[in-house]
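Chemist: Sequence:
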Amino acid sequence: MNKKLKTKWLRALRGGSYRQAQNTLVNDQGTRFCCLGVLADIQGCEWLPDTDNGGMIPISANGRKSWVCESNDFLPSTRAGGLSSEAQEELATMNDDGKSFKDIADFIETHL
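So the sequence shown is numbered by the numbering used here: it starts at 8 and just counts up by one.
Any given hint could turn out to be false.
Computed list of lysine-lysine pairs in BS3-like fashion (alpha-carbon distance at most 27 Å, straight line) [as the list claims (entries may be wrong)]:
hint, residue 1, residue 2
1, K109, K13
2, K106, K11
3, K106, K15
4, K109, K10
5, K106, K13
6, K109, K11
7, K15, K109
8, K10, K106
Listed next, with one range per pair, are the computed distances between beta-carbon atoms [to be verified]:
hint, residue 1, residue 2, range
9, I49, Q29, 18 to 26 Å
10, S107, T14, 29 to 37 Å
11, T14, D59, 19 to 27 Å
12, E53, S24, 12 to 20 Å
13, D104, G22, 27 to 35 Å
These are computed hints drawn from the structure, not numbers from a lab.
We put the beta carbon where it would ideally sit given N, CA and C, even for glycine.
Full structure from sequences and hints, please.
Modeler: Below you can see the structure in the form of structure tokens.
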């Protein structure tokens, strides 16, 4: 993962300006984020309603969904700062299991 992006992500997770959501990248109102939603947001994703699943989906500059996988709905590595699907799954699980952004940031700092 790019060191500059990692630092920016850690600051965002620890800074208190993002409120945490579970089981979605971003909630319907765009006010609560998963840790991976924070990562997409700090990279400049635009968010549009996900009419199929609820919540919001990041949209790339060319207007296409930038969040589509075959088996799991994770960010492609370009939007996830180079994180593998496995790393994203681990972080999403931590987030959805109720770990705080601070705890997740500590894990990212140590393990990624």
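Chemist: For each hint, tell me whether it holds in the structure or not.
Modeler: Results of checking the hints against the structure:
no., hint, in the structure
1, K109 - K13, "holds, 14 Å"
2, K106 - K11, "holds, 24 Å"
3, K106 - K15, "holds, 20 Å"
4, K109 - K10, "holds, 18 Å"
5, K106 - K13, "holds, 19 Å"
6, K109 - K11, "holds, 18 Å"
7, K15 - K109, "holds, 14 Å"
8, K10 - K106, "holds, 23 Å"
9, I49 - Q29: 18 to 26 Å, "holds, 19 Å"
10, S107 - T14: 29 to 37 Å, "violated, 19 Å"
11, T14 - D59: 19 to 27 Å, "violated, 34 Å"
12, E53 - S24: 12 to 20 Å, "holds, 18 Å"
13, D104 - G22: 27 to 35 Å, "violated, 22 Å"
In terms of the numbered hints stated before, the structure departs from hints 10, 11, 13, listed from lowest to highest.
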